[in-house]
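If you read the sequences in order, they're chains P and W. One rule links them: number in my numbering = place in the first sequence (from 1) + 17. One rule links them: number in my numbering = place in the second sequence (from 1) + 17.
Hints are computed from structural coordinates only; laboratory data are not their basis. Do not take every clue at face value.
Each pair may be met inside one copy or between any two copies, as identical chains are not told apart.
What the hints assert, rightly or not - Below 25 Å or equal to it, Euclidean Cα-Cα: the simulated SDA-like pairs (lysine to any residue) are: (1) Lys30 / Glu74; (2) Lys30 / Asp208; (3) Lys205 / Glu74; (4) Lys30 / Gln206; (5) Lys205 / Gly98; (6) Lys30 / Ala41; (7) Lys205 / Ala67; (8) Lys30 / Leu42; (9) Lys205 / Ser100.
Protein chains: 2
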Amino acid sequence: MGTTQLDTVPEPKYWHLKTVLAEALDSEFAVGEILPNERELAARFGVARATLRQALEQLELEGRLQRRRGVGTTVAPPRMGVSIGSAKDGGHAEDDWETAGAETAVPPAAVARLLGTDADEPVHVVRRSRVTGGQPVAAELLYVPTASVPALTGPADADAVLRELQNLGLDGEDQAVELGSARADDAKQLDRLPGAPVLVVTTRHFAEGRTAAVGVATYRADTCRLTFGSDTVSLSGV
Amino acid sequence: MGTTQLDTVPEPKYWHLKTVLAEALDSEFAVGEILPNERELAARFGVARATLRQALEQLELEGRLQRRRGVGTTVAPPRMGVSIGSAKDGGHAEDDWETAGAETAVPPAAVARLLGTDADEPVHVVRRSRVTGGQPVAAELLYVPTASVPALTGPADADAVLRELQNLGLDGEDQAVELGSARADDAKQLDRLPGAPVLVVTTRHFAEGRTAAVGVATYRADTCRLTFGSDTVSLSGV
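This is chain P alone, in the form it adopts within the complex:
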């Protein structure tokens, strides 16, 4: 990691430093390796601690670094490609998902609007985790109106709700992805601190042209790249 001349660049100082650091990560550090401490790095690159810290924050946002309490700053492995189910294959690979319980509750107003349920109408809520390569990548709440699973009267367990939903014959879905911050319960499931940036995927599951269920899944933004589209086509492209 040599030093570099940062003074003549029109971009903010930390930004150029970030680029230099990123190149150093590629060429001189292995995944999982702990970086020298901030004081040492700032001295080596001839920048103020504040500048260095901004550059490190950017690299964390881009998934290049991980900062963990009691460990320090380590070089992150490449983000995992996590496939988001398409209408074609009828949903996620279910073997990746683990159910963690169910209850009946009134959904958030935005979810009630998508479901077309009344603002104070309770629905089935199934909590699921998605685990990929042994790592928790997503925490999901799946909201299922009682009208979608009429065979279930009163509270039901997660397996019963999912089974009845399958019986309904889901015939399509769409997704929206946006930036969010991890709620305390999701953060715990994902092994993150509350408030960490996450990618929130809202999925509408359709049956006979109506919204039969809505899933709100919180994906780790630090370790995941969400992929959309046909896998077979993707593979032939490389």
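Mind docking chain W on chain P? Use the hints.
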């Protein structure tokens, strides 16, 4: 905006404050309205300034607030749903995109891998902006290998590259979405500060089972919700 008892909640203080603030935004403030200053808000909710600031940062991350220099903190409009092209319709609605120039350049290593070009091989690079409802929502670099547009010898303008690419007969695409931070040039196009959180969408365009072009688009994470899937089905679900 009443006060509230924050001491008995197991979540971090700022988190509960965030929820209370979000409810107040819904019920007492209009979109675009300027919030009272930090000192006043902290006093009203009986929390330290640092706690208040954490809650405001979370709400900004979730797209509920906008902080602008010289204006203060305002209530953000709901995020725009921005449709990400699917293989079915052959790409984005082109009327939303404005070309801003073209050059030939060596792409980043990750893009060269996707294109299957040599590490030091120059390709056509078309810079485009996506504008929705009069607002810039994305800045894209579209990388097109010379092998995909053999009719063009040497540097070519953006329209020529896009026209030749269309002639190739693109027959599919896939996407990956991940968190990133705005580069200086993208930030300028998007009217953001460099380093602002963005959603990076990498699109592979296929022709005859091979990758004919790769687009790397930077979407504003504060104002956009990226939508995937059939629009006709979506509308019938509400």
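Here is how each hint holds up against the structure:
no. : hint            : result
1   : Lys30 / Glu74   : both (14 Å within a copy, 24 Å between copies)
2   : Lys30 / Asp208  : between (33 Å within a copy, 20 Å between copies)
3   : Lys205 / Glu74  : both (22 Å within a copy, 20 Å between copies)
4   : Lys30 / Gln206  : between (37 Å within a copy, 20 Å between copies)
5   : Lys205 / Gly98  : within (22 Å within a copy, 29 Å between copies)
6   : Lys30 / Ala41   : within (17 Å within a copy, 39 Å between copies)
7   : Lys205 / Ala67  : between (30 Å within a copy, 23 Å between copies)
8   : Lys30 / Leu42   : within (18 Å within a copy, 37 Å between copies)
9   : Lys205 / Ser100 : within (23 Å within a copy, 32 Å between copies)
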